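Assemble the whole structure, with the sequences as input and the hints as a guide.
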Amino acid sequence: KSTGTKLPLLPVNGKEENMLFQALDVNSMAIEWCKHVDVKTIFTKLPVYLRKHYNDWNRNQKVRKAVGGAAAQVAQLKALNRHTAPAPLPAPAPAPTVAPSTAAPATAAPVRAASVHATPVSSTPALVAPVSSIAARV
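Okay, so the sequence shown: first residue is 877 according to the working numbering, each after it adds one.
Mixed in with the good hints there might be a few duds.
[Claimed, not checked] Only pairs whose alpha carbons sit at most 30 Å apart, straight line, appear in this in silico BS3-like list of lysine-lysine:
no., residue 1, residue 2
1, K911, K891
2, K954, K938
3, K941, K928
4, K938, K891
5, K938, K911
6, K916, K891
7, K928, K882
8, K882, K916
9, K911, K882
10, K928, K916
11, K911, K928
12, K938, K928
13, K941, K891
14, K941, K954
Since the hints were made in silico from the structure, they are not lab data.
In this text, all values refer to a predicted model and were calculated from it rather than measured experimentally.
Pasting the structure below:
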């Protein structure tokens, strides 16, 4: 409502908008874009959204080109790895199976919770040596 539009202005999204984006010239894209707006598949865009999408699209194009150009080298590395890789390890032996018991299961005795104060203080080890033993060492 504050911009005077019925719909919010969103970034480039969808197949039709991406196809139009790729077909337009970068220098006049914002003005040309407005000529193609039909409010069904292609919506109004702010120039900032077109610039941001162009930066992302340009980066992705560079990545596609680099990956495509490296396909031959990747194939060579895979072939080299197949020839130099160690032999695969044998499959581990299956775990032994235990026959089910026909006897009734034993019931465990209930476990009593230990009290926090169950251990007498005198049975804990001394962490600090008495002063008399330190003085005797000096």
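Verification of the supplied hints:
Pair hint K911 plus K891 holds up; C-alpha atoms about 18 Å apart against a cutoff of 30 Å. For the hint linking K954 to K938, the alpha-carbon distance of about 23 Å falls within 30 Å, and the restraint holds. At most 30 Å may separate the alpha-carbon atoms for a hinted pair to count; K941 and K928 meet this at roughly 20 Å. Proximity of K938 to K891 is assessed by CA-CA distance (about 20 Å); at most 30 Å being required, the pair is judged to hold.
For the proposed pair K938 and K911, the alpha carbon gap of about 29 Å is at most 30 Å, so the pair holds. A threshold of 30 Å between alpha carbons decides the hint, and for K916 with K891 the separation of about 12 Å falls inside it, so the pair holds. Among the hinted pairs, K928 with K882 is consistent with the structure: their alpha-carbon atoms are about 23 Å apart, no more than 30 Å. With a C-alpha separation of about 13 Å, the suggested pairing of K882 with K916 holds against the 30 Å cut-off.
For a cut-off of 30 Å, the pair hint linking K911 to K882 stands: about 18 Å separates their Cα positions. Between K928 and K916 the CA atoms are separated by roughly 22 Å; this keeps the pair inside 30 Å, and the hint holds. For a cut-off of 30 Å, the pair hint linking K911 to K928 stands: about 20 Å separates their Cα positions. Using a Cα cut-off of 30 Å, the hinted pair K938 and K928 holds, with the two alpha carbons roughly 16 Å apart.
Between K941 and K891 the CA atoms are separated by roughly 21 Å; this keeps the pair inside 30 Å, and the hint holds. Simply put, K941 and K954 have alpha-carbon atoms about 20 Å apart, close enough for the 30 Å limit, and the pair holds.
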